[in-house]
Amino acid sequence: MSTVSDRVPLHLVVNGVAHSCEVEPRWLLSDVLRDTLGLTGTHVGCEHGACGACTVLVNGEPVRSCLMFAAQADEAAITTVEGLAPGADDPLTPLQESFRAAHGLQCGFCTPGILMSMTAFLRDHPAPTDADIREALSGHLCRCTGYTNIVRAVSDAHAAHRR
Amino acid sequence: MTLAGAFVFRGPRAAVWELLHDPDVLAAAMPGARQLVRTADGRYEGVMKVGLGPVTAAEFTLVVTLIDEVPPDRFTMAIDSQGTLGFTRGSARVALAETDGPATTMTYTADLQVGGRIASVGQRVVESAAKAMTAKGLEALQRALDDRLARAREGAGS
Amino acid sequence: MPPTVGKRVPRNEDRRLLTGRALFVDDVRLPGMLHVAFVRSDHAHGRLRSVDVAAARARPGVVAVYTAADLGGYWQHAPLLVPPPPVPGLVFHACTQVPLARDKVRYVGEPIAMVVAESRYVAEDALADVRVHIDPLEAVVDLERALEPAAPRLHEHLDSNVAATVHQQTGDYLAARAAADLVVTRRFWYDRGVSAAIENRAVVASWDPRAEHMTIWDTTQAPIPIRNGLARLLGLAESQVQVIAPFVGGGFGPKIMMFYPEELLVPWASRQLGRPVKWTEDRHENFVATTQERGQLHDAEMALARDGRILGVKDVFLHDTGAYDPYGLTIPINSQCTLLGVYKVPAYDSAFTAVFTNKPIVTPVRGAGRQHGVFVMERLLDIAARELGIDRVDIRRRNLIPPDAFPYDHGIIFQDFTSLTYDSGDYRPALDQAAELIGYERFVRDEQPRLRAEGRQVGIGIVNYVEGTGIGPYEGARVTVEPSGLVRVATGVGTQGQGHFTAFAQIVADALAVDVAAVRVVTGDTREFHWGTGTFASRGAVVAGTACRAAALTVRQKILDVAARRLGVEPERLELAHGRVRVRDHADDPGVPYGELAAHANPLRGAVTSGVEPGLEATAYFGPDRGSTANGVHAMIVEIDRDTLLARITRYVVVHDCGHLINPAIVEGQIQGGVAHGIGNAFYEQLVFDEQGQLKNGSLMDYLLPVATDVPDVEMVHRQTPAPGNPGGLKGVGEAGCIATGAAFAQAVEDALGGRLEIREIPLSPNRLFELLHDTASPGDPA
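Residue numbers (this note's numbering), protein chains in the order written: chain A, -19 to 143; chain B, 3 to 160; chain C, 26 to 808.
Calculated directly from the structure, the hints in this document are not laboratory data.
Keep in mind that the hints are not guaranteed to be accurate.
[Claimed, not checked] Chain C residues, not near chain B, derived (Cβ > 10 Å throughout):
1) 33
2) 145
3) 170
4) 207
5) 313
6) 600
7) 668
8) 717
9) 723
10) 744
11) 778
[Said to hold, decoys possible] Here are the computed lysine to aspartate or glutamate pairs in the EDC-like style, where the Cα-Cα straight-line distance is at most 20 Å:
12) 721/C to 129/B
13) 51/B to 154/C
14) 721/C to 77/A
15) 721/C to 113/B
16) 32/C to 77/A
17) 129/C to 181/C
18) 51/B to 61/B
[Said to hold, decoys possible] Listing some non-contacts, in silico: residues in chain A with all C-beta distances to chain C over 12 Å:
19) -1
20) 15
21) 52
22) 131
23) 141
Since the model is a prediction, treat every value here as computed from it, not as a measurement.
Quick reminder that beta carbons are idealized off the backbone N, C-alpha and C, glycines included.
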């Protein structure tokens, strides 16, 4: 039975803001982001790494935050969906704009994870084909959209970025 | 789930029969067994800690009841194991046949029902895990039998 | 101003969703909030002898542990949500679920005890402390076995596992059969799975003892009935309870199931403890604790004339309702009615038995039993076509209900308790258009033989469906112009991704001549609007949308009246544009903004004209006499790999008719998503229960949802035969995409395999195709 005294210190930079807190070693990164830090934009769909909704960037790489203990992210720089357009009046990123224009989201629950994945994907893939995009999306489950408009949104964002 | 097989013990049948009824030996041999105590004639209770595939090890209570005993020939065990992560329930029939050596061929058939989380998440590994646990257990029993027979020889010799 | 209805307006709600600022139920955080975990049955059937919670209660961090005994008078069977429709001779036994098991457990996952603790982690730790003693009973999962005399009985006050029997008929089937040139008889098995919304269910309840008010956040599709029911059960006034369905991450049906055990218990616990309480379902729980739609076993026959005309259909089927039947007979009645499809069926004899089994509760999932009817009908037609030597599309053409036959009354009872009547439809052009678009004739004549000669297994499938949508009873909406000029719309339905915040805004924006972005829509909050039922059965946009329109038109008139009095001109001389009123043909008149009129209509001093309401606000309700009938055609081309038996869909066409479109992007999104859902149900998804009711694949590792590489881009054509029953001519479309997919899949795969196999079951999968191709076991038996 763990007690408060079993907690370990955790230092994270999330969306550019430094946080220090104490966490139990068994707490998942997804739970710490949502509950301890109040960043509820990262959603939990399965807690076993299948749906991808909880994807965040850890030191720039997409990671399923439900498969990581918070303690494993000590000293890491994390970006969540809230970090894409941080202020209430900030413009949406080209990727977010493309999703809106292409109707690439319906209920929006899986969307934050996809945005984080695709942010990294577009950064690392200068010339993706639709097939590449579909392949990259195959780690994400969406029950609403049937994926067509998501592929289009990512493709449009890539085209916009190149312009 | 049906688990069936055979194992040849190096040793006489009477010794094997005794071994299979000794709770301390069984507790030591069964993978994950923490404790096994004879609570009544032919009834053993204990605790195991077992993991299965993606399911982290957790505690299960275990109750084994011996029925239909025909020493030193055969017996049936009723098995009932429960924990937060599910249960295993069923029975196993064990038969012992003495052969040259002396050796004892044990044949077993177990019909087990698995339920709860270990069934719904661990399904792909349930059978292979059960076989692996059984194999490990039988090998440990053989080693225990070797020890017991060695001590008996020493005792007789001294 | 040009109308926005009919245009692809980007959604009002997207910014919040894209920036992670949208509130979902699990995002709710309140001071002092406690967390819940449930002890659930590991046995599908058993006598619950004892539940020992002492150790759990003693664990640090655990605040309370409740069993059935602790609930006192609050423990009762949940209300029956849908009474049986008025079909003569119907037999129905209502056996609804209980909050916590007492005496007996009837399915794996049934809740037995509730642990409330300082964190979900501690609550789950405490589950291991609870000692449950169940004496297992033999479980029954197979439908036919459940009806055998010696079968284990779930509800012992009944003398069998029969939940209901319903027989509907029109015409004289026996005469039709006697006159037939061909009678096709087959057994069909249709299985489904979970709805698998990416957001699992969640409930947060907060009882404020000072305000004597209960606030509940719930991932429900029906906040108003939940509020009313919970208020009654908790002994509170309706006005003391507020239910909020904020953003909901996908509904698909199971979130319209009401009075789940967790929904009943979390508010009760908050009241007991005087603290907010939260329960969030995890994915593993979702596989057993959230309702799903299960199997049906059909013994069907079709009597035909030599030229392919249907003379009659007879269908006897078993419907799996799971361990309890709170949702009545909606699903099997839908199956019974939807089977008729777009076809003239002069004689119809349909009888079903709903059967209790030791599996999770069955309530509607997208399609709600319609796919079963479509599957049976379309498969019978395919088999008849083959046996009569008639082309598959031609046999369908020969049986379509003609366009002048509407309203077409089938003479049987539908799920809305009225006679099954199609209000409108034009089926032949839709079928022809689909066949044309997928290139049916060219494929069958040229491409398929060519590809087959290369050794490839390709096939084509084309099927029709009809979908009753937009049923009553009613919905309502209130439209208000605020002094700022913002237009606020409140309606009682909830939203789970189908774009109400935009679609309803478009309707109101057009009526009031304002920008869509200036219309703020609120759904799913009983404090904002408390009359209505919810989103289900493809009715939200039709029914609530029509109410929005009516309320907006009343506000429009009020704007004109207030402006007329203010400006001293006749209302007929005024025009509305961009949120302002001005005198017609006075181009340089800037006009008066609505907000100013709204303030003017709400004075702090002075007298008001008698009979006039303050402000610019109106509430309206809409209750259609009957639903509006949407229809469509699905066509697909599939290739089956010779070695792996994996299916690759190379083309998927949907020609559908949902009347007028409010927002084409939203409609297309519903169809694309529905087809993806249908593909999942047809080929990838299957819930595997063993004989003792244990679910063997209760995780997303083993229950396969389609991913982006599995789903083709659907080619869509929208036909618009307006619904006569509502002013906007609207029909629903939420379920359209997934109703016909199974039937299309079966036909196309059968065609691809070149007649080596007759497919009489769904889902298929590479494993199952292999078994069917190599086995002598008869297809149609449960896999």
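Could you let me know if the closest chain C CB is still more than 12 Å away from the CB of residue 141/A? Given a closest Cβ separation of 17 Å, the condition holds.
Given as non-interface: residue 600/C, which should sit over 10 Å from chain B by C-beta: Fine: 64 Å to the nearest Cβ keeps residue 600/C off the interface.
Please check whether the beta-carbon of residue 207/C is more than 10 Å away from every beta-carbon in chain B. Correct as stated: the minimum Cβ-Cβ distance to chain B is 45 Å, above 10 Å.
Is the straight-line distance between the alpha-carbon of residue 129/C and that of residue 181/C 20 Å or less? This hinted pair holds, its Cα atoms lying about 10 Å apart.
Would you say residue 33/C is clear of chain B, with no C-beta pair closer than or equal to 10 Å? About 43 Å separates residue 33/C from the closest Cβ of chain B, which puts it past 10 Å; holds.
Checking a non-interface call: every C-beta of chain B should be farther than 10 Å from the C-beta of residue 744/C. Is that right? Since the minimum Cβ distance to chain B is about 44 Å, residue 744/C lies beyond 10 Å and the statement holds.
Taking the minimum C-beta separation from residue 52/A to chain C, is that value above 12 Å? Label holds. Min Cβ-Cβ 17 Å, cutoff 12 Å.
For a C-alpha distance cap of 20 Å, please report whether residue 51/B and residue 61/B respect it. holds, 4 Å
The output says residue -1/A does not contact chain C. Does that hold with a beta carbon cutoff of 12 Å? holds, 16 Å
Checking the smallest CB distance to chain B, is residue 170/C really beyond 10 Å? holds, 17 Å
Determine whether the non-interface label on residue 668/C survives the test: each CB of chain B must be over 10 Å from its CB. Label holds. Min Cβ-Cβ 23 Å, cutoff 10 Å.
Please check whether the beta-carbon of residue 15/A is more than 12 Å away from every beta-carbon in chain C. With a cut-off of 12 Å, residue 15/A comes too close to chain C, as the shortest Cβ separation is near 7 Å.
Of the numbered hints stated above, those contradicted by the structure are hints 5, 8, 9, 14, 20, 22, listed in ascending order.
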